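Chemist: If you want the building blocks of each chain, they are given just below.
Number of protein chains: 2
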Amino acid sequence: MTAFAHRLAAAITSRRTPACIGLDPRRESLPPALAAAATLEPKPLAAIFARFCCEVIDVVAPLVPIVKPQLACFEALGPHGMTALAEVIEHARSKQLLVLADGKRGDIGSTAEAYADGWLSGPWAADALTVNPYLGLDSVEPFVKTAEARHAGLFVLVKTSNPGSKDFQDLRCDGKTIYEHVAAGVEQLATRTAAGGRYGAVGAVVGATWPKQLDELRAAMPHTWLLVPGFGRQGGRASDVQTAFHADGLGALIVSARDVIFAHARPEMNAGLADGQWQTAVDRACRDMIERLAADTPAGKLR
Amino acid sequence: MTAFAHRLAAAITSRRTPACIGLDPRRESLPPALAAAATLEPKPLAAIFARFCCEVIDVVAPLVPIVKPQLACFEALGPHGMTALAEVIEHARSKQLLVLADGKRGDIGSTAEAYADGWLSGPWAADALTVNPYLGLDSVEPFVKTAEARHAGLFVLVKTSNPGSKDFQDLRCDGKTIYEHVAAGVEQLATRTAAGGRYGAVGAVVGATWPKQLDELRAAMPHTWLLVPGFGRQGGRASDVQTAFHADGLGALIVSARDVIFAHARPEMNAGLADGQWQTAVDRACRDMIERLAADTPAGKLR
Numbered sequence: 012m013t014a015f016a017h018r019l020a021a022a023i024t025s026r027r028t029p030a031c032i033g034l035d036p037r038r039e040s041l042p043p044a045l046a047a048a049a050t051l052e053p054k055p056l057a058a059i060f061a062r063f064c065c066e067v068i069d070v071v072a073p074l075v076p077i078v079k080p081q082l083a084c085f086e087a088l089g090p091h092g093m094t095a096l097a098e099v100i101e102h103a104r105s106k107q108l109l110v111l112a113d114g115k116r117g118d119i120g121s122t123a124e125a126y127a128d129g130w131l132s133g134p135w136a137a138d139a140l141t142v143n144p145y146l147g148l149d150s151v152e153p154f155v156k157t158a159e160a161r162h163a164g165l166f167v168l169v170k171t172s173n174p175g176s177k178d179f180q181d182l183r184c185d186g187k188t189i190y191e192h193v194a195a196g197v198e199q200l201a202t203r204t205a206a207g208g209r210y211g212a213v214g215a216v217v218g219a220t221w222p223k224q225l226d227e228l229r230a231a232m233p234h235t236w237l238l239v240p241g242f243g244r245q246g247g248r249a250s251d252v253q254t255a256f257h258a259d260g261l262g263a264l265i266v267s268a269r270d271v272i273f274a275h276a277r278p279e280m281n282a283g284l285a286d287g288q289w290q291t292a293v294d295r296a297c298r299d300m301i302e303r304l305a306a307d308t309p310a311g312k313l314r
Numbered sequence: 012m013t014a015f016a017h018r019l020a021a022a023i024t025s026r027r028t029p030a031c032i033g034l035d036p037r038r039e040s041l042p043p044a045l046a047a048a049a050t051l052e053p054k055p056l057a058a059i060f061a062r063f064c065c066e067v068i069d070v071v072a073p074l075v076p077i078v079k080p081q082l083a084c085f086e087a088l089g090p091h092g093m094t095a096l097a098e099v100i101e102h103a104r105s106k107q108l109l110v111l112a113d114g115k116r117g118d119i120g121s122t123a124e125a126y127a128d129g130w131l132s133g134p135w136a137a138d139a140l141t142v143n144p145y146l147g148l149d150s151v152e153p154f155v156k157t158a159e160a161r162h163a164g165l166f167v168l169v170k171t172s173n174p175g176s177k178d179f180q181d182l183r184c185d186g187k188t189i190y191e192h193v194a195a196g197v198e199q200l201a202t203r204t205a206a207g208g209r210y211g212a213v214g215a216v217v218g219a220t221w222p223k224q225l226d227e228l229r230a231a232m233p234h235t236w237l238l239v240p241g242f243g244r245q246g247g248r249a250s251d252v253q254t255a256f257h258a259d260g261l262g263a264l265i266v267s268a269r270d271v272i273f274a275h276a277r278p279e280m281n282a283g284l285a286d287g288q289w290q291t292a293v294d295r296a297c298r299d300m301i302e303r304l305a306a307d308t309p310a311g312k313l314r
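Those sequence lines, one after another, are chains G and Y. If you use our numbering, the first sequence corresponds to residues 12 to 314, in order. If you use our numbering, the second sequence corresponds to residues 12 to 314, in order.
Just chain G, same shape as in the assembly (with noise of 0.2 Å):
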C-alpha cells in the first residue's frame, strides 16, 4: 500500500477537489423522511444514522477524495452507535473514499498505541485519525510509529475553530504561541515521514476561522496537510481558507459536515425538492462547495 499522503494526494487529484464531508449524524438533523422514524432508543436509531450517513457517502462517493465521520456522535449512542460507525466506515471504504477518523484521541504510551492499532487499519480500518497533543510529544509518537507501519495518517490539533481556542493555544511563550510550538513539532513530524516526498504521514488541524493564522501556519508547515473545519457554518468563507494552500492547489483539506449532510434545511439547496429527496440536495450543496472553493483558492488549480 502507498503511503497515506500519496494516497490524499491521488485522491484530491483524481476527484480535482480538496473537499472533505465531515459525517455528523444529529437526530434533531435528520432529514424529515428519516426523522419520522427517528427515536431516542439507540439501536434503532443507531441503525437511522448508519442507514443517512451511508446514503450521503453514495451521493458525495463520485465527488469527493475523503469523508470525516465525527466518532462523538455514533458514541452518544453507545454500543449500537460504534457499531453503526464502523458500518458507515466499511461503507466508505467499499465507495473508494478515503475515511478520517475524527476522534481527537491522546493518551500516553501503550495507551496511544491501543488508540492507534484500533483506529489506523485496526477493527476500524480508517484511513486517518484527528489527535489531540497536550500529553506532549511522546504521546504523539506511538501513532506516529503505528500511521507509519500501516501507510495510514494523523492530523494533530494546532489551532481550534473555536473562540476558546485562545485560551491556552494562544498563549506566548518564548515570543512563539502555544500553537507555533505544537506546529513546529508536528512538521518536524511530517518531515520525518515524508520519505523523499513532499509531504509526511502527520497533518495539522487548523480552524477557518482564523486566516491569518492559516496563513502563517501554511508557512511554518511547509511538510504538512492542514485540515481545515469550519468552512461553512462556522463563519469561515472560501476566500478565509485560500491562505491553506500550496500554490499548486494542494496541501489543504477543508471540511464541511452539516452545510452539505443536512442541505435538506437550506431552502437554497431544497428548492423545488420533495421530503424524500433530500439526497439531491446534499448532492448541490456538495457540488456549491466544490465549486466555490474552485473559483475562490488555489483549489482551482486542481480543475
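Read the hints as simulated data drawn from the structure, not as lab findings. The structure displayed is predicted, hence computed values, not measured ones. Any given hint could turn out to be false.
One copy or any two copies: either way a pair holds, since identical chains are not told apart in the list.
What the hints assert, rightly or not - In the BS3-like style, the derived pairs of lysine-lysine whose C-alpha atoms are separated by at most 27 Å in a straight line are:
1. K187 - K177
2. K312 - K177
3. K106 - K54
4. K312 - K106
5. K223 - K312
6. K54 - K312
7. K156 - K54
8. K312 - K187
9. K177 - K156
10. K156 - K312
11. K54 - K187
12. K106 - K223
13. K187 - K106
14. K223 - K156
Fit chain Y to the supplied structure of chain G, relying on the hints for placement.
Modeler: Frame of chain G; chain Y shown alone:
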C-alpha cells in the same frame, strides 16, 4: 441523585481508601488461565476482556470506591470491544462501584455535548469522564453542563505523568506554566459547581511522577478532586502522592492499574498460587496498595 463530589467522598469514606483501580485489559498481559483462550480475533478477545474485567471487579468491589476503565483498550477491539466495555461498566455499577471512563475526550460545542451525553449517564452510564483541555474552556463547558445536570463528574488533564508532558504543559507564559493556567481554569469550574460543598463536579488529572507539582497544584486547586495516575509501575511511590491530599485524607484518588489487575505477574503477589487463582493475586495487590496509601499518606486518616 446526589452530586458526584458528594458520592465520591461518601464512597471513599465508606471504603476507607482513595484507591482507584484502572481496568486496562491487554491481551499480552492476561493471566495464563485466560491467555490460553485469547485469540487475535476481536469478538472472542472482547469477550475475554469483559470476563477478565468483571472478575477483577468482583475482587475489588468490596475494597475500593471506584474503577477506571481505559477506553483505548476496548476501542482497540472495534465494536465488539465497545460492547464488552458497556458490559464491564454495567457490572461495576451493579457492584456499587463508581465508574470513571478514561477517554480523555475533548471537542467543541455540540460535539463535546455528544461526548458528554454519551458517557455521563447516557448509554455508557459512567459516573465521570476524563477530558482534554487543549481546545480551551469553551470546549470543557458542555461537559460541565452535562455533568452538573446528571450529577456526574469530570477530570480535566492538567499535568500528565509522562516525560513528554514538559513539551507543552511546562511552557511558561506570564510567569505561569500552561498547566498552571489550565489549573486556574479548572479550580474556577470546581468552585462554580461546588454548590456550597467543598468540592465541585470538576477534578484534575495530575501525574504521580511529579511530587513537587502535585504539592503546588493541591494548594492552587483547593476545591478540586485530584486524580493521580502513575502510582506503581510508572515510578510513583505512596510517599510521592501524599501531597495530593488534604489533611483529612480526602481530595485525591490514586490510580493503580497493571500492578493490581496483572498481579499474577508479580512474584510477591503470586506466591503459592496456581494459574487459576489469579484473582487471589489481584486481591493481595489491591490490599497492598490500600495499606501503602494508608501508611504513607493522609489517607490513613480514613481508617
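Chemist: Evaluate each hint against the coordinates.
Modeler: The hints, checked one at a time:
| no. | hint | result |
| --- | --- | --- |
| 1 | K187 - K177 | both (13 Å within a copy, 16 Å between copies) |
| 2 | K312 - K177 | neither (34 Å within a copy, 42 Å between copies) |
| 3 | K106 - K54 | both (25 Å within a copy, 26 Å between copies) |
| 4 | K312 - K106 | within (25 Å within a copy, 62 Å between copies) |
| 5 | K223 - K312 | within (22 Å within a copy, 56 Å between copies) |
| 6 | K54 - K312 | neither (45 Å within a copy, 47 Å between copies) |
| 7 | K156 - K54 | between (36 Å within a copy, 26 Å between copies) |
| 8 | K312 - K187 | neither (33 Å within a copy, 46 Å between copies) |
| 9 | K177 - K156 | between (30 Å within a copy, 21 Å between copies) |
| 10 | K156 - K312 | neither (33 Å within a copy, 46 Å between copies) |
| 11 | K54 - K187 | neither (48 Å within a copy, 48 Å between copies) |
| 12 | K106 - K223 | neither (36 Å within a copy, 54 Å between copies) |
| 13 | K187 - K106 | neither (43 Å within a copy, 50 Å between copies) |
| 14 | K223 - K156 | neither (32 Å within a copy, 32 Å between copies) |
Checked against the numbered hints given earlier, this structure breaks hints 2, 6, 8, 10, 11, 12, 13, 14; the rest are met.
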